[in-house]
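Colleague: Quick note, the sequences are listed as chains W and U, same order.
Each residue of the first sequence is one higher than the one before, counting from 4 in this note's numbering.
Each residue of the second sequence is one higher than the one before, counting from 4 in this note's numbering.
Worth flagging that the hints you see were computed from the coordinates, not collected in a lab.
Careful: at least some of the hints might be erroneous.
Stretches of chain W that chain U covers, calculated by requiring three or more beta carbons in the stretch to come under 8 angstroms of a beta carbon on chain U [to be verified]:
1. 125 to 133
2. 169 to 176
3. 210 to 218
Backbone N, C-alpha and C fix where the C-beta goes; we use that ideal spot for every residue, glycine too.
Protein chains: 2
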Amino acid sequence: MIFLKVSFLGPATSFSHNAALKAFPEAELVEVESIHNVFDTVESKEAEFGVVPLENSTEGSVTSTLDLLLSHNVFITGELSIRVVHCLLAKSGIKKIEKIYSHPQALSQCEKWLRKNYPKARLVGSSSTASAAEHTAKLDNAAAIASKQTAPKFGLEILEEGIQDLDFNETRFVVIGLKHAEPASNNKTTMFFALKDKPGGLFDCLKGFKDSNINLTRLESRPSKKEAWNYVFFVEFEGDQTEPRVKKAIEELKKYTVLVKVLGSYPKAGE
Amino acid sequence: MIFLKVSFLGPATSFSHNAALKAFPEAELVEVESIHNVFDTVESKEAEFGVVPLENSTEGSVTSTLDLLLSHNVFITGELSIRVVHCLLAKSGIKKIEKIYSHPQALSQCEKWLRKNYPKARLVGSSSTASAAEHTAKLDNAAAIASKQTAPKFGLEILEEGIQDLDFNETRFVVIGLKHAEPASNNKTTMFFALKDKPGGLFDCLKGFKDSNINLTRLESRPSKKEAWNYVFFVEFEGDQTEPRVKKAIEELKKYTVLVKVLGSYPKAGE
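Make the full structure from the sequences, and use the hints.
Modeller: Shown next, in the form of structure tokens:
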């Protein structure tokens, strides 16, 4: 067995931790303080792989991860989804909840529930759900939104379980590394591109995919961070970057773009 | 003169406040505690208009505003952009900065600067930049990222000015109301649609715009929040919804979608 180090956004019991355990049950897991640090540990080879959240079914893209995929020289080598059940946690016996801490994505995933049940509470964003719980353990007037497993870890009580607004709430994580995954006919591919500034540009970019009968399963735009009001588009589709029809679509795409990068072709998550 | 009430995300001196002052210099401005409340006050007619942030040139869409445009029955009647210069503010004479408070969008806009200058500080998300400053005024170990005008309002010192990662940093705000703006040939239009679930769906949706020679200036996807992994697309283009070529493109679009809503045609912001 090859001994692997895999980094994730900690502390332990965060949803990223659950995802890293599921993806790499035998690896040495290295907790770091931010998604940025996950990318840094992979790029500097302190860890062979990193596990980072890419999007949530309720709240959408984790934009910081998309931006880090743009700025770092890493590839996507795998994906997995995990069910996210949020709990309201607090120190045992507290009388009032004036503040509720969590990751901003988690606060958004529970927004309706919070507005209904704690309309007066101050919502405070933290770097992860587990760090919110850790912080709350020191406070007498606050609660945290985090995973069930977080409660015993920080000595908190579960006040309510399953408070996310949509019952079906899943986060999709990707595995990042320095090498592309093995080609396979049932892989999916993630890539990004930047348009030439000309009318109809996006339509022209999608034409090559249509002509090659490639179905885009996702399209997302992000600011380029190089020039104001200039965007980069992320696309995902079923197919491997080594397939002739995919190569052809990418060649066609290059005519209309100033930048194209294939982030990776990798096996789809199991259902 | 007609007397107008206009709501915005407060407290006063927030960037939303600056935008509301610029858009409605003569109106009675009503500060509310969340972007959600801006929509509610407009929908319930407590305010004739609301001013909400839609996207930032560095950090991208304000996703909560996009989601509220989906869920509320309001129209976009105007837009404006304001330059956003972030400052680091704190109580006079503090010795250590262990925490830095701001709106999550502002923390992201200053991410590189923060990593370089305060790598150890805990970053804490607040409901607005001005509320972060207000909160910091009570603390001896914390700073806030907010506008320059916020400093005198809450008795804070400006430790550093212009800390955003990209010098050119602009936020685009839209005005929401219950009626469409007047048609005009140089208007722009914002709308959203949801695809039928079929291969090549997005390409088909864009074809009508291409055929009518309409240049999409923006395309953004968001989770539908009705079904997991199901998306709604926001598009923007130059043209008014009453123009024949725009009507034709929208009719074509309807063939490939299960939902189409024109959020509004309105004058472009001045350069």
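Colleague: Give a verdict on every hint.
Modeller: Consistency of the hints with the structure:
no.: 1; hint: 125 to 133; in the structure: holds (count 6)
no.: 2; hint: 169 to 176; in the structure: holds (count 4)
no.: 3; hint: 210 to 218; in the structure: holds (count 5)
Violated hints for the displayed structure: none, as all numbered hints are satisfied.
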